[in-house]
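Based on the provided sequences and hints, a complete structural model is requested.
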Amino acid sequence: MAKLSLFARRRRRVRTALRKRSGLRPRLSVHRTGRHIYAQIIDDAEGRTVAAASTLGAKTAGANVDAAVQVGKDIAAAAKKAGVTAVVFDRGGYLFHGRVKALADAAREGGLEF
Numbered sequence: 578m579a580k581l582s583l584f585a586r587r588r589r590r591v592r593t594a595l596r597k598r599s600g601l602r603p604r605l606s607v608h609r610t611g612r613h614i615y616a617q618i619i620d621d622a623e624g625r626t627v628a629a630a631s632t633l634g635a636k637t638a639g640a641n642v643d644a645a646v647q648v649g650k651d652i653a654a655a656a657k658k659a660g661v662t663a664v665v666f667d668r669g670g671y672l673f674h675g676r677v678k679a680l681a682d683a684a685r686e687g688g689l690e691f
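Once you know that position 36 of the sequence shown is 613 in this note's numbering, the rest is easy, because the numbers rise by one and skip nothing.
No wet-lab data here; the hints were simulated from the structure.
C-beta: ideal position from N, C-alpha, C; glycine also.
Do not rely on the hints blindly, as some may be mistaken.
Stated by the list, open to error - Label pairs and their computed distance ranges (CB to CB):
1. Gly688 <-> Asp643: 16 to 22 Å
2. Gly634 <-> Lys580: 34 to 40 Å
3. Arg598 <-> Gly639: 30 to 36 Å
4. Glu690 <-> Thr593: 19 to 25 Å
5. Lys658 <-> Phe584: 29 to 35 Å
6. Arg586 <-> Gly675: 19 to 25 Å
7. Phe691 <-> Phe584: 21 to 27 Å
8. Asp682 <-> Gly634: 18 to 24 Å
9. Arg612 <-> Phe673: 18 to 24 Å
Unchecked claim - Result set (EDC-like, lysine to aspartate or glutamate): computed pairs, CA atoms no more than 16 Å apart in a straight line:
10. Lys678 <-> Glu690
11. Lys657 <-> Asp620
12. Lys657 <-> Glu686
Put into structure tokens, the structure is as follows:
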């Protein structure tokens with residue numbers, strides 16, 4: 578069996594820690610690529626996506642910090658509409674800086690608690 582990459586080890590470590598301390602709160606999962614950034618609020622107890630936002634059809638296309646801020650605001654608004662106020666932030670294997678941090682800060686400003 579091949580060794581896990583650094584990214585995969587970070588992702589596994591983050592998800593394990595989240596499961597231990599999340600309680601029953603849904604998780605805000607972030608995925609980024611070179612072209613887009615995506616955010617989903619996932620209810621793991623039911624196994625369904627509660628809300629989602631991305632730069633795919635947005636006015637601010639691209640994967641820069643400004644686009645991440647817009648996705649953070651959009652996911653916070655979609656969460657409010659779905660009745661979710663408190664989440665656990667799942668950064669996956671990504672480091673918490675740059676676009677990921679900008680998305681998290683915008684989601685907090687939008688009213689999400691984590």
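Hint check results:
Under the hint 16 to 22 Å, the C-beta atoms of Gly688 and Asp643, about 20 Å apart, fit the expected range. Look at Gly634 against Lys580: about 38 Å separates their beta carbons, and that is inside 34 to 40 Å. In this structure, Arg598 and Gly639 meet the distance hint of 30 to 36 Å, their C-beta atoms being roughly 34 Å apart. Our hint of 19 to 25 Å for Glu690 and Thr593 holds, since their Cβ atoms are close to 22 Å apart.
At about 32 Å, the beta-carbon gap between Lys658 and Phe584 stays in the expected band of 29 to 35 Å. Judged by the Cβ atoms, the range 19 to 25 Å given for Arg586 and Gly675 holds: they are separated by roughly 20 Å. A beta carbon spacing of about 22 Å between Phe691 and Phe584 agrees with the range 21 to 27 Å that was offered as a hint. Hint check: Asp682 to Gly634, Cβ distance near 23 Å, so the stated range 18 to 24 Å holds.
Restraint check, Arg612 to Phe673: a C-beta distance of roughly 21 Å satisfies the suggested window 18 to 24 Å. For the given pair, Lys678 sits about 15 Å from Glu690 by alpha-carbon distance, which is consistent with the 16 Å threshold. Between Lys657 and Asp620, the direct Cα distance comes to roughly 15 Å. Compliance with the 16 Å bound is thereby established for this hinted pair. With a C-alpha separation of about 12 Å, the suggested pairing of Lys657 with Glu686 holds against the 16 Å cut-off.
Taken one by one, the earlier hints all hold for this structure without exception.
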